[in-house]
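Residue numbers (the working numbering), protein chains in the order written: chain A, 1 to 66; chain B, 1 to 262.
Derived, one-sided and incomplete: chain B residues facing chain A with beta-carbon distance under 10 Å:
hint	residue
1	K27
2	Y28
3	R52
4	T56
5	G80
6	A90
7	A97
8	I164
9	D190
10	N213
No wet-lab data here; the hints were simulated from the structure. For each residue, glycine too, the CB sits at the ideal point set by N, CA and C.
One letter stands for each residue in the lines below.
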Amino acid sequence: MTLVINGETKTCPTVRNVRDLILHLGIGQDRVAVEVNGRIAKRRDWETTPIADHDQVEIVQFVGGG
Amino acid sequence: MTYSLADDPLVLGGKTFRSRLIVGTGKYSSFVMMREALASSGSEIVTVAVRRVNLTDRSRESLLDFIDTSRFMLLPNTAGCYTAEEAVRAANLGREAGLADWVKLEVIGDERTLFPDTEALLAATRVLVKDGFVVLPYTNDDPIMARKLQDAGAAAVMPLGAPIGSGMGIQNPANLRIIMESVSVPVIVDAGVGTASDAAVAMELGCDAVLMNTGIAGASDPVAMAEAMRKAVEAGRLAFKAGRITKKLYATASSPLEGVSR
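Working from the sequences, and respecting the hints, build out all of it.
In structure tokens, the structure reads:
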């Protein structure tokens, strides 16, 4: 499937939901936030939040800042 | 009865803190340096930014590997946001990532000064307060805006001392004093602190806390500067509580005028 993740178009094997996408990307699940098509997907809903072809996904974390 | 710092905690957002110094985690030369400086500062709250995960370079170290979150409370900021909508979105992402409701709210009005867009800041504050956030807004030194932010439900007001990262110190002490008389929420000077005396001045004016990043991270020796800032915030608070002498134009002798042997 084709997804836009953090502004970049990427091709990846089909994933069904946010949890599967996070696992596929190898991202640590602690202290990240995920947004699908402009809506935040809460961690408890990752398994039930579907990912479809051409979805826009934002995955953010905490970095140093003032 | 003499005043004691130990009996004078900072009450902020319904929580109690011993330290009145809040420190940022940006601009350090390394995560190790940051960790040592944070420890030296004695701070209990540290600010963090919310940014995209780097998907290509998975080997990079993570900030949170170097922050003991049992010791430091994370305060996500909305740095880099120029509209109320962007800031509200960033605040929500920060809440989801950090699983806590606190946010240092920044809505920037200008790239060069990084001064806040207070109109948008007020709008974002209203939305976020309504949504259950503990909002700490980075604002300017306008007492009218400070009162509006308080009335909108902000948990504190955070007027800048000088532009972010400028190190210019407290540019408008008079307005800071007026702000403190205008609001009842904590007043936290945020931005512009360059060296220890700046932090002490802010606290002597009666501020409840000081927030800084560049002043420590950009110093030649951040660990030493963090210690200096810790002491300065304590000294300034102690001096404020001790009740300074008034300023006079002319001298008043400290030694007796009578009994001089001639």
